[in-house]
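Novice: Spelled out, the chains give:
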Amino acid sequence: MTDIAHATIVMERNYAASPARVFAAWADVDARKRWSAPADGIRIEYEAAEFREGGRDISRCIEAGNADYVAVVHYLDIRQDARIVFAEDVSHGDRRVSAALISVELSPVGARTRLLLTMQIASFDGAGMESGYQFGWNAALDNLAKEFNA
Amino acid sequence: MTSTTHASFIIERRYQHAPKRVFAAWSDPQAKRAWFVEGEGWDIRSYEMDFHEGGEEKSSFRFVKGEETFGEETLFSNDTVFNEIIANERIIFTYSMARNGARFSISLASVEFSAEGQGTRLVFTEHAAFFDGADGVHMREAGWQELLLKLGDHLDKQGFGQ
Amino acid sequence: MTKRATTHATFVIERTLKHPPAKVFAAYADLTQKAKWFGGPPEWTRSTHTLDFRVGGRESESGGPHDGPEHTMNALYWDIVQNERIVMSYEMLLGPTRISVSLGTTEFKPAPEGTTLTYTEQGVFLDGFDDAGGRERGTHELLDQLVACLNS
Numbered sequence: 001m002t003d004i005a006h007a008t009i010v011m012e013r014n015y016a017a018s019p020a021r022v023f024a025a026w027a028d029v030d031a032r033k034r035w036s037a038p039a040d041g042i043r044i045e046y047e048a049a050e051f052r053e054g055g056r057d058i059s060r061c062i063e064a065g066n067a068d069y070v071a072v073v074h075y076l077d078i079r080q081d082a083r084i085v086f087a088e089d090v091s092h093g094d095r096r097v098s099a100a101l102i103s104v105e106l107s108p109v110g111a112r113t114r115l116l117l118t119m120q121i122a123s124f125d126g127a128g129m130e131s132g133y134q135f136g137w138n139a140a141l142d143n144l145a146k147e148f149n150a
Numbered sequence: 001m002t003s004t005t006h007a008s009f010i011i012e013r014r015y016q017h018a019p020k021r022v023f024a025a026w027s028d029p030q031a032k033r034a035w036f037v038e039g040e041g042w043d044i045r046s047y048e049m050d051f052h053e054g055g056e057e058k059s060s061f062r063f064v065k066g067e068e069t070f071g072e073e074t075l076f077s078n079d080t081v082f083n084e085i086i087a088n089e090r091i092i093f094t095y096s097m098a099r100n101g102a103r104f105s106i107s108l109a110s111v112e113f114s115a116e117g118q119g120t121r122l123v124f125t126e127h128a129a130f131f132d133g134a135d136g137v138h139m140r141e142a143g144w145q146e147l148l149l150k151l152g153d154h155l156d157k158q159g160f161g162q
Numbered sequence: 001m002t003k004r005a006t007t008h009a010t011f012v013i014e015r016t017l018k019h020p021p022a023k024v025f026a027a028y029a030d031l032t033q034k035a036k037w038f039g040g041p042p043e044w045t046r047s048t049h050t051l052d053f054r055v056g057g058r059e060s061e062s063g064g065p066h067d068g069p070e071h072t073m074n075a076l077y078w079d080i081v082q083n084e085r086i087v088m089s090y091e092m093l094l095g096p097t098r099i100s101v102s103l104g105t106t107e108f109k110p111a112p113e114g115t116t117l118t119y120t121e122q123g124v125f126l127d128g129f130d131d132a133g134g135r136e137r138g139t140h141e142l143l144d145q146l147v148a149c150l151n152s
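Protein chains in written order, with the numbering used here: chain A, 1 to 150; chain B, 1 to 162; chain C, 1 to 152.
What the hints contain is simulated information worked out from the structure, not anything from laboratory work. This structure is a prediction, so every number in the text was calculated from the model and none was measured. Keep in mind that a hint or two might mislead.
[What the hints assert, rightly or not] Calculated pairs, SDA-like style, for lysine to any residue (alpha carbon to alpha carbon, straight line, at most 25 Å): (1) C:K109 x B:L75; (2) C:K3 x B:F104; (3) C:K3 x B:Q16; (4) C:K3 x B:F61.
[Unchecked claim] Not the full set, but computed from the structure, chain B residues with beta-carbon under 7 Å of chain C: (5) E84; (6) N88; (7) I92.
Glycine included, C-beta positions come from ideal geometry on N, C-alpha and C.
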């Protein structure tokens, strides 16, 4: 079977911070480790982190009792404080489960920032990764708001 | 260039049967088929109904006088999706009508059932978009007038028990 | 028990846009474009927006104010004529409660300036939760956002 399930998902948030601060929370790998873990009991470890055009991240999503998800990100386009476009493939155990093109767009709304996240996903495990992206990124984007508290 | 016209109509009917029985004639596939699909001049090709929110009802039927009316064998089809079902109270559904595979209308309809004395007041409201002048609202309204009469006949034939 | 009530209403909005029909149509057909103009106010959160733009395909969008109920739109596409017409039905939910079911027709006609867009909504508003006036105002705002997006 070589069936691919395609899905496009868009999410949007409005953060109490300038685009520069929101952008910095993506660029800084320590910040990203804090906010990108979708739930208690899940942690993200980076084996490589190169936030620049042409750079590559390798991260491991670790949850007790479950094989790690390994995400490899290639940064395709980065515009300071405005946008980040990257390709991401995800493997679970020895299987690649999805490949996605993801863009993050930041625009100022008064003193705040509107973030638009667009994910175009080719999923190799049926609808599983589509719901995985839904869950994971909704939680991560909610966590990101906490970076701007106080 | 496509053209689309929009229209709405309301039909109100009273039946001498309780809302529960009138509603059952919409919810039970056999009963629904009897008054909604079966009819003189029509040759039923297929009928299926999955009566729950999000479920579909599909029917296709050959118009026996198709050749003389339209100059060709004529197959109509109705594809329905149920948007909301509240037992004995309300049904909202959306449907398309097609002739020989070409859609000519899309409609949104609501059917409301309320108790009135021993019987039921039924209010049927349809909003429709008709494409390229086909099957205008007058024909559609006449069609539902006829169907709601058939519904009454069907209920009367079933008797007044239960 | 909720008192059952329905209000039926139709409204029509026409806009003239300075862009050809194909460009305006694409702003409806492609989620990456549609997501830029179709949605709640800028301070709202959007937890998901998906679109399968074909006859029989579905669209789902949900979001809401930070501390308010989730607003969900679920649509089903009934008829699509490339660059000319889109007919969809959709329901709106406030939290778990369905507040309306509507039929929406969008027509795109070439005009000397670009495109005349006509949106016709025929709706049934349920149990007193929403009304056609509010929906019409909301749709005007969406079309303002569409125009701003196409002009940018």
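Novice: Let me know if the C-beta of B:N88 comes in closer than 7 Å to any C-beta of chain C, holds or violated.
Specialist: 10 Å, violated
Novice: Compare the distance between the alpha carbons of C:K109 and B:L75 with 25 Å, and conclude whether the hinted pair is satisfied.
Specialist: Not OK: C:K109 and B:L75 at ~31 Å, beyond 25 Å, violated.
Novice: Does B:E84 pass the interface hint, meaning its C-beta sits closer than 7 Å to a C-beta of chain C?
Specialist: The hint holds - B:E84 has a Cβ within 7 Å of chain C, the shortest such distance being about 6 Å.
Novice: With the threshold set at 25 Å, check whether the alpha-carbon distance from C:K3 to B:F104 stays at or below it.
Specialist: Answer violated: C:K3 to B:F104 is near 36 Å, above 25 Å.
Novice: Against the 25 Å threshold, does the CA-CA distance of C:K3 and B:Q16 hold or violate the hint?
Specialist: 24 Å, holds
Novice: Double-check B:I92 for me: the hint is only fine if its C-beta lies closer than 7 Å to a C-beta in chain C.
Specialist: Holds, about 5 Å.
Novice: Within 25 Å, alpha carbon to alpha carbon, are C:K3 and B:F61?
Specialist: This hinted pair is violated, its Cα atoms lying about 39 Å apart.
Checked against the numbered hints above, the structure breaks hints 1, 2, 4 and 6 and satisfies the rest.
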